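**Student:** Respectively, the protein sequence lines represent chains P and V. Residue numbers are given in the numbering used here: position 159 of the first sequence equals residue 159, and the series is strictly consecutive. Converting from the second sequence to the numbering used here requires adding 1000 to each position, the first position being numbered 1.
Hints should not be assumed to be uniformly reliable.
Think about it this way: if two alpha-carbon atoms lie no more than 35 Å apart in a straight line, the pair counts; the simulated DSBU-like pairs of lysine-lysine are [stated by the list, open to error]:
1. V:1246 <-> P:88
2. P:424 <-> V:1038
3. P:129 <-> V:1165
4. P:410 <-> V:1286
5. P:388 <-> P:410
6. P:47 <-> V:1246
7. P:88 <-> V:1286
8. V:1038 <-> P:47
9. P:164 <-> P:130
10. V:1165 <-> P:164
11. P:410 <-> V:1038
12. P:99 <-> V:1038
13. P:126 <-> V:1165
14. P:161 <-> V:1165
Over the 10 Å line for every Cβ pair with chain P, so calculated as not near, a few chain V residues [said to hold, decoys possible]:
15. 1025
16. 1027
17. 1053
18. 1080
19. 1179
20. 1237
21. 1250
22. 1306
Just so you know, the hints here were simulated from the structure itself, not pulled from any lab data. Values in this document were obtained by computation on a predicted structure and should not be read as measured data. Note that beta-carbon positions come from the ideal geometry of N, C-alpha and C, so glycine has one too.
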Amino acid sequence: MPDEATATATVSGDGAAANPLREGLATERIANPCSVVFFGASGDLFKRMLLPAVYSMRLNGTLPTDFALIGFARTAYTDDAFREYCRKQLELFMPDGSKPQGAMWDDFARRISYITADFNNTSHFKDLKKRLEQNDRDFGTRGNHLFYLSTPPSVFPVIIKQLKAAGLEKDPQGWTRIVVEKPFGTDLASARTLQRAIEAVFPENEIYRIDHYLGKEPVQDIIALRFANTIFEPIWNRNYVQNVQITSAESLGVEERGGYYDSAGALRDMIQNHVINLLALVAMEPPISSNADDIRGEKYKVLSAIDPPAHTDVWSMSARGQYGPGAIDGRAVKGYRQEPDVAPDSNTETFAAAMLFVQNWRWAGVPFYLRSGKRLPRKVSEIAVTFKPIPHRFYGESTDQIEPNVLVIKIEPDEGISMRFEAKVPGPEEHVRSVYMDFNYGSGFGVQSPPAYERLIGDAILGDQTLFTRWDAVERAWEIVTPILEVWQNTKDFTFPNYAAGSQGPESARKLFPDWRHI
Amino acid sequence: MTLERVDARVATQTLVVFFENSSIGELARDRIRRLASKHPSRVVILDAAQSESMHRIEGSDWVELGVSGTPPEALRSAVDTLRVADTPVVLLWIAPGIGTDPRFEMLCDGVQTVVYNSSLLDLGHEALCELVDYVARHPAIPITDIAYLRLAPWQECVAIFFDGKDVAELAAVRRVEIGCGSDPEAFYLLGWLASRLGWTPSENDALVDRSGNRINFEIRREGDPRRIARIAISSSRATFSAEIDKSEPTILLSVTGPDRHATRYRAINDPGIAALVERAILRGRKDKVFHDALAAAGEILAKQRN
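One chain only, chain P, in its complex shape:
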């Protein structure tokens, strides 16, 4: 029979009585009832990623039972037409066996509504307020509201201002949270402007800046690898690590995003957010707990220890490239400047590489090489930690190359960890060669990682900010890349295009660091 602690309804941090039946359940961290409002619900991100994530949560039971979804966008729909639109998208983007049907879909569909809106019209936000109040009555959503901004970033400040004007920034009955999609600004100044607009309405603990990379299972596993094992941490420092390479490569070009991409480039699109976030996870000190702010505090400390390159050092610490025509997977592909909506004389980089140093006791002198690019030979995201060479070889005159140990954390498309080490080739002669020890999530656990958006939306509803980026880290990441951004913007690169699609990237990247891992 129970002890007092398990038998008594306790009071949780937010003042609500905790449910003693929750202890030990698979969904111990149960999400509160809530309405989720998707701004930009007629867009691509909503139909491909967000809606399937929410419906999948509904099917696997991680969405609160008392839930409602409101679409809010410019495209005109009635509630019924939007429900039908959602059903069709789910037919397209949900896997077999999870298509919308039966009582589960009917119940989900009746919780969906839509507001055709002009973001500049306050009365439409007042309509939203009424709809949220109606949801509280009809679906028991208890005044808990999650606003998800999946519109173009230029509209974010307008929406936030209108939320305030309509009195939606706070509900006396429940919580209010806002999810902000990336990019968070287009440079340091615009990020600060956006932050000022948001923080004028919402406190930091209600702001969820999403970087879907952080929702990927192998990214979360970096923390487990480092801090749930004893064998790595003692050698995770300047004494043993030669360098760290972080790669996020894509074989795709800009596809339909030429218009956006031509004003962004690889440095803004990938390095400033995804890649620097990975650097922070690899280099941070052990947090004192798994609490969101303990982890995010350590990440910020690492970023604050990185000196942004001086403008005069930009060329020796970075490399940029733009792909020309070439071949991927045996197929001829066109160059960047021939892509739709791209300027024929574009100076935008589709490849960016940088060398950064974390100036602290642990990492002093260890270069962190970051690179990201489009139209590289294959899609691969990984972190490779290369250890220092052996101090003395006793294999005499052997001509065998003794390679340094490398630990690779594989993020995409394979998910897992690989370790390279040297082993003796069987036989009487003293030969050594590299062998690999592989761990793959697929064969190790036999389970598919949950999609990143599913995890992140669930965490936002739960109020867990661990996998969301705090403002100080976003600002610092912009500060780190700003000198590179400024020098590149102000200098036309007449060598563009300087790498062929399907190649390893521009020659300038090899000059920056000759030992990049082969993509």
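Take the given structure of chain P and dock chain V to it, following the hints.
**Tutor:** Below, chain V without anything else, positioned relative to chain P:
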């Protein structure tokens, strides 16, 4: 031409499966294959329906041995020889008699997880009573019961009723009705409620809460074997009902009373036996809530037996 790396698979655990009924054995083989395809395992099948002359090996990680009449010590020795070194050993015991069969005790020795299924053989609540007695005598045994793990969607539904402001109603519960196709699941569900809420059995059909209030309960055979059909929890003000929708794998949730609530739905996501065994392996060993529920179910059953 592309050269691809060989997809090497390495067993991450040893699954020892014991049964003595041929028809159950066939079912077990099928489910274990599914499980092993998900969690790379060396599978050691101990088939007590077959004589010792039977043995079959598939690849390097599937071994079947006939063990009818095999002494307990020889069984353990076989497992020690066949297990993958440095990986956990999981015992799936699909047979009755855990309290009396020396083979069970011998096979449990050195095992990291024991998975039992008290409702598989439809022995009423006898198998559950046997488990209660065994765990009382061997409190350190790392055992979990598939019958309990099957409750997960129902526990979730019951918990949903009392999230937020309705949590106060838990102190005013006066009646619980459970409809179920087998006894163990029903007693586990009641035992789980009792253990979480501090109820103790007072009569063969009633419990009392810590303030001394009486809570009547009724358990009825209803619906498919090993499946909960419904649960209704009544306080002085409201009734909270969760009921299976037979047309779909869905549970309907309704609340009557002053705070009436529109009917809600929840997917059951019946995971199948392979997934339940997987769950048992992943979280069964240190599940305090399970052990509390088992102890409470045992106390309720003891009151009924007296």
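**Student:** So if I understand the rule, the pair passes when the alpha-carbon distance is 35 Å or less; does residue 126 of chain P with residue 1165 of chain V pass?
**Tutor:** Judged against 35 Å, a Cα distance of about 28 Å means the pair holds.
**Student:** Holds or violated: residue 129 of chain P and residue 1165 of chain V, Cα atoms, limit 35 Å.
**Tutor:** Given pair residue 129 of chain P, residue 1165 of chain V holds - Cα atoms ~23 Å apart, limit 35 Å.
**Student:** So is residue 1237 of chain V really clear of chain P, every C-beta pair being over 10 Å apart?
**Tutor:** holds (16 Å)
**Student:** May I ask you to check that residue 1179 of chain V keeps its beta-carbon over 10 Å from the closest beta-carbon of chain P?
**Tutor:** Given a closest Cβ separation of 20 Å, the condition holds.
**Student:** Does residue 410 of chain P lie within 35 Å of residue 388 of chain P when you go C-alpha to C-alpha?
**Tutor:** holds (21 Å)
**Student:** Could you let me know if the closest chain P CB is still more than 10 Å away from the CB of residue 1027 of chain V?
**Tutor:** holds (21 Å)
**Student:** Would you check whether the claim that residue 1025 of chain V is not at the interface survives, using Cβ distances to chain P and the 10 Å cut-off?
**Tutor:** holds (24 Å)
**Student:** Take the C-alpha atoms of residue 410 of chain P and residue 1286 of chain V, compute the straight-line distance between them, and say whether it is at most 35 Å.
**Tutor:** Cα-Cα ~31 Å, so holds.
**Student:** CA of residue 424 of chain P to CA of residue 1038 of chain V, is that 35 Å or under?
**Tutor:** Within the cut-off at roughly 33 Å; holds.
**Student:** Is the hinted pair residue 1165 of chain V and residue 164 of chain P satisfied, with a Cα-Cα distance of at most 35 Å?
**Tutor:** holds (28 Å)
**Student:** Does residue 47 of chain P sit within 35 Å of residue 1038 of chain V, going by the straight-line distance between their CA atoms?
**Tutor:** Between residue 1038 of chain V and residue 47 of chain P the Cα gap is close to 31 Å, so the pair holds against 35 Å.
**Student:** Does residue 1306 of chain V really sit off the interface, with its C-beta more than 10 Å from all C-beta atoms of chain P?
**Tutor:** holds (17 Å)
In this structure, the earlier hints numbered 7, 21 are contradicted, and the remaining ones agree with it.
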